[in-house]
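Chemist: Here are the chains, one letter per residue:
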Amino acid sequence: MATLLRSTDAASPPVVAIAGASKTWRGGTRALEPVDLVVRAGEFMTLLGPSGCGKSTLLNLVAGLAPPTTGSLSWWGGGFDATGGAGRRLAFVFQAPTLMPWARVDANVRLPLDLAGVPRARAAAEVDAALALVGLRDFARHFPRELSGGMQMRASIARALVTAPDLLLMDEPFGALDEFTRQRLDGELAALWMKRDLTIVFVTHSIHEAVFLSTRVVVMGPRPGRLIGEVEIDEPHPRGDAFRLTTRFAAHAQRLSALVAQACGGTVPLNGSPDEEEP
Amino acid sequence: MSRFERKAADRWRYAAPVIVAIAMLALWQALTVAYDVPVYLVPSPLVVATTLVTDWGLLVASLGVTVSIALYALAIAVALGVAISLVFVQSRWIETAFTPYVVLLQVTPIVAIAPLIIIWVKDMRVALVLCATVVAIFPIISNTTLGLRSVDPGLLALFRMSRASRWQELTRLRIPSALPHFFGGLRIASGLALIGAVVAEFVAGTGGAGAGLAYQILIAGIQLNVPRLFAALVLIAATGVGLFGASVLAARLALRRWHESERPGPD
Numbered sequence: 024m025a026t027l028l029r030s031t032d033a034a035s036p037p038v039v040a041i042a043g044a045s046k047t048w049r050g051g052t053r054a055l056e057p058v059d060l061v062v063r064a065g066e067f068m069t070l071l072g073p074s075g076c077g078k079s080t081l082l083n084l085v086a087g088l089a090p091p092t093t094g095s096l097s098w099w100g101g102g103f104d105a106t107g108g109a110g111r112r113l114a115f116v117f118q119a120p121t122l123m124p125w126a127r128v129d130a131n132v133r134l135p136l137d138l139a140g141v142p143r144a145r146a147a148a149e150v151d152a153a154l155a156l157v158g159l160r161d162f163a164r165h166f167p168r169e170l171s172g173g174m175q176m177r178a179s180i181a182r183a184l185v186t187a188p189d190l191l192l193m194d195e196p197f198g199a200l201d202e203f204t205r206q207r208l209d210g211e212l213a214a215l216w217m218k219r220d221l222t223i224v225f226v227t228h229s230i231h232e233a234v235f236l237s238t239r240v241v242v243m244g245p246r247p248g249r250l251i252g253e254v255e256i257d258e259p260h261p262r263g264d265a266f267r268l269t270t271r272f273a274a275h276a277q278r279l280s281a282l283v284a285q286a287c288g289g290t291v292p293l294n295g296s297p298d299e300e301e302p
Numbered sequence: 026m027s028r029f030e031r032k033a034a035d036r037w038r039y040a041a042p043v044i045v046a047i048a049m050l051a052l053w054q055a056l057t058v059a060y061d062v063p064v065y066l067v068p069s070p071l072v073v074a075t076t077l078v079t080d081w082g083l084l085v086a087s088l089g090v091t092v093s094i095a096l097y098a099l100a101i102a103v104a105l106g107v108a109i110s111l112v113f114v115q116s117r118w119i120e121t122a123f124t125p126y127v128v129l130l131q132v133t134p135i136v137a138i139a140p141l142i143i144i145w146v147k148d149m150r151v152a153l154v155l156c157a158t159v160v161a162i163f164p165i166i167s168n169t170t171l172g173l174r175s176v177d178p179g180l181l182a183l184f185r186m187s188r189a190s191r192w193q194e195l196t197r198l199r200i201p202s203a204l205p206h207f208f209g210g211l212r213i214a215s216g217l218a219l220i221g222a223v224v225a226e227f228v229a230g231t232g233g234a235g236a237g238l239a240y241q242i243l244i245a246g247i248q249l250n251v252p253r254l255f256a257a258l259v260l261i262a263a264t265g266v267g268l269f270g271a272s273v274l275a276a277r278l279a280l281r282r283w284h285e286s287e288r289p290g291p292d
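Residue numbers (this note's numbering), protein chains in the order written: chain A, 24 to 302; chain B, 26 to 292.
No wet-lab data here; the hints were simulated from the structure. Among the hints, a few may not be true.
One side of the interface only, derived from the structure: several residues of chain A facing chain B at Cβ under 8 Å [stated by the list, open to error]: (1) A86; (2) L88; (3) A89; (4) F115; (5) A119; (6) T121; (7) M123; (8) W125; (9) A139; (10) V141; (11) F162; (12) A163; (13) R168.
From the three backbone atoms N, C-alpha and C, an ideal C-beta is built for every residue, glycine too.
Bound-form chain A, shown alone:
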């Protein structure tokens, strides 16, 4: 089995640098306390926390969907316009598949290319490649409603990958799926991340999903949303389903759940670090 530790090179320029960014809604509700955070090239960063901890808000700031109330963000050392440059694209996967119900799967996946004015002939090859990547090639001519929830989510991921983005933002993409489908898609996503040299910022409230996928987990706490701490998951990829059953997996999960409990004002009796648990 390959033991690969993806280099999350601290020396390379940050993909996204968040400097004191906060968000207050128009009504005066503080959604996010000022945050300092750097997304490094090649990392799989997960924002973990309970509902109302501002993780989706933070992701929306990174996506440029909303401006921060205070502070600033930079993408590849520049403004948000830097995300429009060739080969430096940013893609977003929503909680729901958000496919166009009137368009077939291939037309849905082609959408970002169409909007960018890529000629049909060239786009067709890229759509085919993206569909092959998520195993949906045989369903290109289906309508979204003819697919299962998991397949719709895969189509949504194919649409995000079709522009070959450098940064993929995912807002609880598998939250609505059953546990089995979710675990399978987690495995596929980790493989895609390795294969495509992606940088991923992933939002979830599942501790196990965070441990399985991430190179780094940033724990957030609620009311008001803020950063609590972060944990490096320095385990080699690919991790495989067997990793879920190891004591190291359990130890990481325990550390994270202690942090989450602390964020919510409670305490947990169990403590442990992966190094101590190792036989």
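Fit chain B to the supplied structure of chain A, relying on the hints for placement.
Modeler: Just chain B now, kept in the frame of chain A:
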């Protein structure tokens, strides 16, 4: 439910209304015969059917006039209504400023406006089409505007993130999203166009070569020619059902592949 049972249920869905119709007609025929009801009060179904045949030339010419008015009105209502909706969704400001006047046009009964339109517009056919258009346009405007605004917020965010132009957002997102709502409006408007045409003809009361079905009903009423009145009524009702059916069919052809409203139901 098994396939056989579903087929049987399907057959029953079509058979049930037909059985009711046959029973009602038989009862109607029996009662008029049994109580010897004079033909100028309630003609029997057979007498109505006979009149439909004997007066066919006269009635079908009038039917043509009424149907053409209704169809012109429906076409104009669709074209103009969709155009107005497209302008409305360009800015909330425009919509806020003009919606009260669209509502005003809708809530004022057509019989009250029709005399004015007939006085102002020289050509009677044009005046009648205009009246029917006024009646039919409201559901097109309100439904299409609602549809153009009812866009999946996730898809809208995706379009904005991809820097889609306003034109791309309109043609690739808003217009397809609006289709189910538009067809709902069309279904209502198709019936209203016919009602508008008939009401306007009543108000105008024009006879001669351009006489529509409403005029035939009016004259038949005055002459106590109740069988012909019934025959004209049957034709108007059939036309209304036809228009409704056509708009349902149009919606099915456009939406059946993807929209919930056209999905075969469980029963």
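Chemist: Next step is simple, just say for each hint if it's right about the structure.
Modeler: Hints, verified against the model:
1. Proximity of A86 of chain A to chain B holds as hinted, the smallest CB-CB distance being about 7 Å (cut-off 8 Å).
2. Because the closest C-beta pair between L88 of chain A and chain B is about 6 Å apart, less than 8 Å, the hint holds.
3. Because the beta carbon of A89 of chain A sits about 10 Å from the nearest beta carbon in chain B, more than 8 Å, this interface hint is broken.
4. Taking 8 Å as the C-beta contact cut-off toward chain B, the hint placing F115 of chain A at the interface holds, the least distance being around 6 Å.
5. Given hint, A119 of chain A at the interface with chain B, holds; its Cβ is 6 Å from that chain's nearest Cβ, closer than 8 Å.
6. Look at T121 of chain A: its Cβ gets to within about 3 Å of chain B, closer than 8 Å, so that hint holds up.
7. Interface hint status for M123 of chain A: upheld, as the beta-carbon distance to the closest one in chain B is roughly 6 Å, under 8 Å.
8. With 8 Å as the threshold, the beta carbon of W125 of chain A comes within range of chain B, its nearest partner Cβ sitting at about 5 Å, so the hint holds.
9. Hint status for A139 of chain A: holds, given a least beta-carbon distance of 7 Å to chain B, under 8 Å.
10. Interface restraint check for V141 of chain A: the shortest CB-CB distance to chain B comes to about 12 Å, outside 8 Å, so the restraint is violated.
11. Taken as an interface hint, F162 of chain A does not check out: its beta carbon lies about 15 Å from the nearest beta carbon of chain B, beyond 8 Å.
12. Taking 8 Å as the C-beta cut-off, the interface hint given for A163 of chain A is violated, the closest approach to chain B being about 15 Å.
13. Here the hint on R168 of chain A is kept, as its CB sits about 6 Å from the closest CB of chain B, short of 8 Å.
The structure fails to meet hints 3, 10, 11, 12 from the earlier list, while all remaining hints are met.
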